[in-house]
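Residue numbers (the working numbering), protein chains in the order written: chain A, 57 to 282; chain B, 9 to 183; chain C, 92 to 489; chain D, 215 to 623.
In case anyone wonders, no lab produced these hints; they're calculated from the structure.
Every residue, glycine too, gets a C-beta built ideally from N, C-alpha and C.
Take the hints with a grain of salt, since some may be wrong.
[As the list claims (entries may be wrong)] To give an idea of the interface, some chain C residues facing chain B are shown, with a C-beta separation under 7 angstroms as derived from the structure:
no. : residue
1   : Gly142
2   : Cys147
3   : Arg449
[What the hints assert, rightly or not] In silico DSS-like pairs for lysine-lysine, Cα to Cα no more than 27 angstroms straight-line:
no. : chain 1 : residue 1 : chain 2 : residue 2
4   : B       : Lys112    : C       : Lys150
5   : C       : Lys150    : B       : Lys169
6   : C       : Lys412    : C       : Lys237
7   : C       : Lys416    : C       : Lys237
8   : D       : Lys237    : D       : Lys291
9   : C       : Lys150    : B       : Lys105
10  : C       : Lys237    : D       : Lys258
[As the list claims (entries may be wrong)] Interface residues of chain A toward chain D, partial, derived using beta-carbon atoms under 7 angstroms:
no. : residue
11  : Gly123
12  : Leu129
13  : Ala130
14  : Leu255
15  : Leu257
Chain residues, written in single-letter form:
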Amino acid sequence: MNEPSLPSILFFLFAGLACAGAVGVLVFQRIVYMAGALLVSLAAAAGLFFIAGADFVGLVQLMVYVGGTVVLLAFGVMLTARRNQPAWQVPGVQWAVGLAVGGCLLVVLLWTVLAVPQWQTASAPEAAEGAPSAPGVLVRSGSRQTSPSQTGTIGPLGWAMLGVRTEQADQSDALPDVRQTGQCGYLLPFEIISVHLVLVLVGAAFLARAKRPPEPRPLEQGAKVG
Amino acid sequence: METSQIVRYLRERFPRAILGENLQAFDPWVQVEPAQLREVCFYLRDEPALRFQMLHLITAVDYLEKPPGGGQGGSEGHFEVFYHLSSLEHGHRLVLKVRLPRWKHNQPGQLPELPTLSDIWRTAEWHEREVYDLSGVCFIGHPDLRRILCPEDWQGHPLRKDYPMSHQYQGIPGR
Amino acid sequence: MVDSVVPEEFDLLTEEIVINMGPQHPSTHGVLRLILRTDGEVVREVQPEIGYLHRCAEKIGENLTVRQFTPYTDRLDYLAAMNMNLGWSLCVEKLLSWQVPEKCRHLRVLMAELNRIASHLVAVGTYGLDLGNFTPYMYCFREREKIVNLFEAVCGARLTYHYIVPGGVMGDLPPGWLRECSRFLDQFQATLNDLHALLTNNYIFIRRTAGVGVLPLGTAISYGCTGPVLRASGLAWDLRRHGEPIYTQMYAPYDFQIVAPQDGQYPDDGLSPPVPDDAVVGDCWHRFYVRMREIVQSVRIVRQAIQWYQEADGSVGEPMKIQQKLPVAEAYLETEAPKGQLGFLIVGQGASIPRRVRIRSSSFCNLSVLPELCRGCLVADVPAIVGSLDLVLGEVDR
Amino acid sequence: MSSWLLQLGFADWLAYGSAGLIKAGLVLVLVLFTPMLALWMERKIAGRIQDRLGPTRTGGRFGWLQSPADGIKLLMKEDLMPAAADPLLFRLAPYLSFCAVFCLFVVLPMADGWAPAGWDSALFFFLAVAGLEVFGVILAGYASGSKWSLFGAMREAAQVVSYEVPLGLCVVVPVVVAGSMDLEEIARMQEGWFTRWFIFHDPFTFLTFWIYAACAMAGLNRAPFDLPEAESELVAGFATEYSGFRWAVFFMAEYAAMFAWSGLGAILFFGGWNGPVPVASWLGLVSTNGPLAGFLGNLLSLLNFLLKALLGVTVMIWARWTLPRLRIDQVIAMCWKYCVPLATLMLVGVVFWQAISMEIFSPKPTGSCTVRCSSNPPRLSQGAWPEETPSAFPLPTRSGLASQRGLVR
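Generate the whole structure from the sequences, applying the supplied hints.
Here you go:
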């Protein structure tokens, strides 16, 4: 391993955290600890996105997963807050089956990862030229002299929303007139569908509310509070 | 409406229930027979001419043997329970008195009993609990007859004249 | 087929929690413990537990002479000790059928009404605190300090005065006291306007109190509620006008209004803001507003009392002897304390020590209506309702 | 900073690491200093409102040493933890909240170029991290083990999560006007007289500011929306069991967040570091004539920004000591029934306003104009955008924006 560069250090850090978090979710007995571990692994995944230069996806990961889902999970945990958490004893058989299936999946993953051509030659990640200069994204010098290869993803995303095929722009210098070639980008319709999906889900949740008359329960006479 | 008229209404309605009266006292009172107390109270509250809507106070007074200090007072031991009533519409007032033995069938420890008035005037619920707690009068039919001021596990009823003053509670000495 | 029971929409059957609010809870005034059975935010059932401040004043009353018991009456409602003393003294004077000189009656009215203003100021201030607004609390206590300084000049004490005693008062007013008192009254209206701006007309305050804890008149009478709680439910009943003659003769020469909403509106006194339209008669807002207007009426009474006191001549009565003998009779008298109708029952047995002393506490009855008011309200409403009842646990537990 | 270190021949990880640490240190100073200042201001302003003096003895006549004194007192308090508490989470919760608030400060541009770390999606980062703070509070409520703190934590979670929605909508309005999410870009567009501030840009942004102010106060749990620590009902909400330094960390997180949100409000609506009157350009303190002048100009800008943020904090303190507290259902109802619809309306309004104003002020020549991307996907704020770009749709191009506002690019 030649001289460690910042992106490689950060990469290993975040990857390690992500894996540790995932394992933590499995190992912990207490449900709140599981939520914490999930938070760590998702945040680490966001870190990985930042290293990969996709700052917008990293932010979305932070906001949606860490800010939204895990908070909802914690909320759910608190609503059903039981003082004495049931510790799940996992019988031996289930461990064995689990390990077997997990093992096969791991093998398949490793095999496919190692089959990727670029990663075979270079052992250290910084040799891969393809990796955009992460430092530019992470720690930007304050004085706004952004290095030329500095690529924020927000701008192109904005234009992609307007139907511009930004990814094709890299190949040809002059962007063909979108209307003629008919290669209009479909990001905006894609977004509208997802918003639509949210509305449908909310409607479904509302319609599926349990409907049963409440059974009043009188306070036991002289209820002594434990 | 004059108290004498009220008493005349009562005597016509319940000839046997009214045992005595004293209209010259500071607060004219009528003595009622414990068994018919509820009917009298329903009548007092619902009769349009009387309309005693408000029960101010329920008090139990312990007339034990000759009080120290030589005053004449009552001689034998008995209880009297006062009910102070008033009508907001007509503005007149009346006191009902009920005479009870200090102990039921005169066995110490058996609390004397009275029918509850908590369904006639809701305020009676707490006042009866207090009289039960401090003076030791049991109210039959009371929805939740528990001690209200003293702790649940307190022994004895403090306002009785024969209450042992050097009482000790969970290791805390009395006087 | 329309099913008979209309199913209440139930998203999620939340598990009901039984929670303790008090007795050390900052918002329950003094040591009141409330057992709340709540379903999420909604309160299903409230069960007050009292007795934490129980000193059995009535047993003490059976071992002390009537004059010696007077300081104990200060400790009942320690925010309105003058009114407590007045109630006790009048009851003893009724038993002994005494009459105090006219100058003393006006002095007693002066003191009682000043103490009513101080008591209502505490009620208003702590009510603002219950709803989260700390500032009116400071304004109220600043004014109350001025009243308490006046009391200190008269009887040397700031909280438990033992000034009005059976037979008269402990001592006459120091020179210059009346000028000091009227100067206080002149600058007092400005603070009231601030309080109205901060609380009565405040949109958030109205949203938190209007329509909350509505007490219908029938329930109020049935539970024995009295004072501002009863008047706020729409009944113009004030013992200073409708009480027993020995008490109403003190207030006969005074001109003041009984503060109670007649079908939602109040008789105009020129100084108080109008009633907001979503305030329901008998809700927390009206209980609060009745107290604010009673302060204005008490200020008018105190001003008149200063005139009457200066015009009246003669002695201010001298306190009864310690070993005064009591007749074999009972006397029960109720007076209009700031919190409600305070009653004393004395059963004499010929000796100087009474056979039985019984105290009718207004806060005791006002508190008993709490379970009715809090059924189905939100947890955040419970302090608002408890605060509007203006409870003093010293009087409840005796 | 990092490029300067690189020239000195440090290894790249050492250079970027140290640059990052130095900046983090500076931000930490700011994040620690503002709560102390805000605490002192709260005591003094509350005193004034309540007709009293506030602290006057600690450290001279104005009691300005009161906050450090409080800090030391809290440090010396016994480190209590209830028996029923979950030890690890109980200790972790306050620091989780504080870190989330610390990250808020990372993207706030104090002056032109003086942002600890600025991306072109800085605002998005601000919103993303703001969502994390509520997790610390939830953990605290749950880990304290007592019913009351659980109640407080649930209320806070419900309130903050639901107020993220209107806040997100309100924040998008200035982004639509500025056309970029980079806070420095937004602030730079509001240079010059205060009439250039976005709050006066059009009626929609003006109304949006007031919705933003209300939602920010609710999102921070400041009165009149401070349900979780509603003393009267839940004693101290989620922080009932906390005392000593842990409570102080929560306290600092709250005040720092207050400062951060009012700072963001200042940037989005009140021109960030630009003063009401362009004094810096009059005195020639711009970076074009020399680094020293540029530095002084930035100092002035820093002063501007801090004053505006403190103004926002003052308004929050003022509101706390005059208004009673709203009930939880009223707060949530206000969010979903009033703030969200209004904010959406403002967003739609400002979008139309932008579209119409561009059509009126810079009508396009006939024929469609195609949007042409330069070699690498252009960054909006870069301005490396050719003047006349044909676009496939009758689309207001970037240049239209530029010419309309008379920005020399």
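Going down the list of hints, with the structure as the test:
no.	hint	in the structure
1	Gly142	holds (4 angstroms)
2	Cys147	holds (6 angstroms)
3	Arg449	holds (4 angstroms)
4	B/Lys112 to C/Lys150	holds (23 angstroms)
5	C/Lys150 to B/Lys169	holds (9 angstroms)
6	C/Lys412 to C/Lys237	violated (33 angstroms)
7	C/Lys416 to C/Lys237	violated (39 angstroms)
8	D/Lys237 to D/Lys291	violated (32 angstroms)
9	C/Lys150 to B/Lys105	holds (21 angstroms)
10	C/Lys237 to D/Lys258	holds (24 angstroms)
11	Gly123	holds (3 angstroms)
12	Leu129	violated (10 angstroms)
13	Ala130	holds (5 angstroms)
14	Leu255	violated (14 angstroms)
15	Leu257	violated (16 angstroms)
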